[in-house]
Amino acid sequence: MTLVPPLINLNALFVDRKLNALFCFLLVVVFIAAANTQQQWHVILGLLLGTAFSFIAFLFRRLTLDGMFSAMVTGIFILGFGGWGIAALVLLFFISSAAISGQWKVRSPDLPVSARRTGKQVWANGFWIVFSLTAAVIFDAPIFVAAAIGALATATADTWSTELGTRMSGNVYLITNLKKVSAGTDGGISIQGTTAALFGSAMIGGVAMAIFSFQLGFFLSILAAGFLGSVADSYFGATFQCSNRSVTLPISNQQIAIDNDLVNAISTGVGALLAIILKIIFI
Amino acid sequence: MASKQRSGRTSNNSMIFSPWNYKVLALGILMVIAGFLAMYIENEVEGFISLYISPIVIMAGYVTVIVSILKHDDDTGSASDQS
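The listed protein sequences derive, respectively, from chains B and D.
Take the first sequence: its position 66, counting from 1, is numbered 66 in the working numbering, and each next residue is one higher.
Take the second sequence: its position 6, counting from 1, is numbered 289 in the working numbering, and each next residue is one higher.
In silico DSBU-like cross-links for lysine-lysine, where the CA-CA straight-line distance does not exceed 30 angstroms: (1) K306(D) to K18(B); (2) K354(D) to K306(D); (3) K354(D) to K18(B).
None of these hints come from the bench; they were simulated from the model.
Generate the whole structure from the sequences, applying the supplied hints.
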């Protein structure tokens, strides 16, 4: 008789609330120990603006209560440690994603709660951005800012390709075995979706280059990191989500179910890592 | 609709930390405070405590706080409640 390892339920672990608590603690430590005066003022401003924007998003039925708190924490880190430049890029990501997915219409009050973004979804896209910005402040290393932009480019490329790829008609193939699948399948790729990913990544890279006055090499590394990150997202989606496979963790011998949020978190991490590697190699 | 939302929220209302988490959190914060207090009492920039003891105690305190936040009881984490 073989023993099946226990399956970890990420929803029961309250990952989003724990990340909120962890990063609130890190915020206090970094604010006191590592941040300069300008960053401290940005953190205070981020606290005000992040709270206001998250609360408005909650009132307009875009976020759940947990999602609101997660957005507040990520907002403070993005404006506080990334400054106006990264905050502008994140706003660009939000506005472009909302415009593409047609979310401008005011939602009816009887919409189900599941239509709001949850804390887990906020952290899936924002974790590596916040982590990289914290590392940039602690180690005083601008390369981590590039990692944050790489993660953001991946999130944008993934959102654009998903929204445009599923809406436009065209042939969709599974990335692992190139078999034809229906549009919207996890891990499915199409010419339209791939082009949208390339444009989304290029937009973030181009605007970042203009804001931070970087060289062309920086633009190319962000473009490549964002695009390859979204390809990784499709690959992981096809490998784990499509077949509902779970992974056994090496040390604790527990199984973990890979859902869409975890795939997003892994792929934005891949984008951030690629941005660091490409920046070291090419610049 | 209000009743629907209320019933949906009850599953999320359970505490994320157990008594163990709070005890370890308090221990971590105490370690950080003790580290800084030791430096204050010694009152020397290059003293033995300031250079060797306090940094280790404070870092250990930070790590303890992080562990206390992230550690979760296995009973509530494993998916026996997946149904």
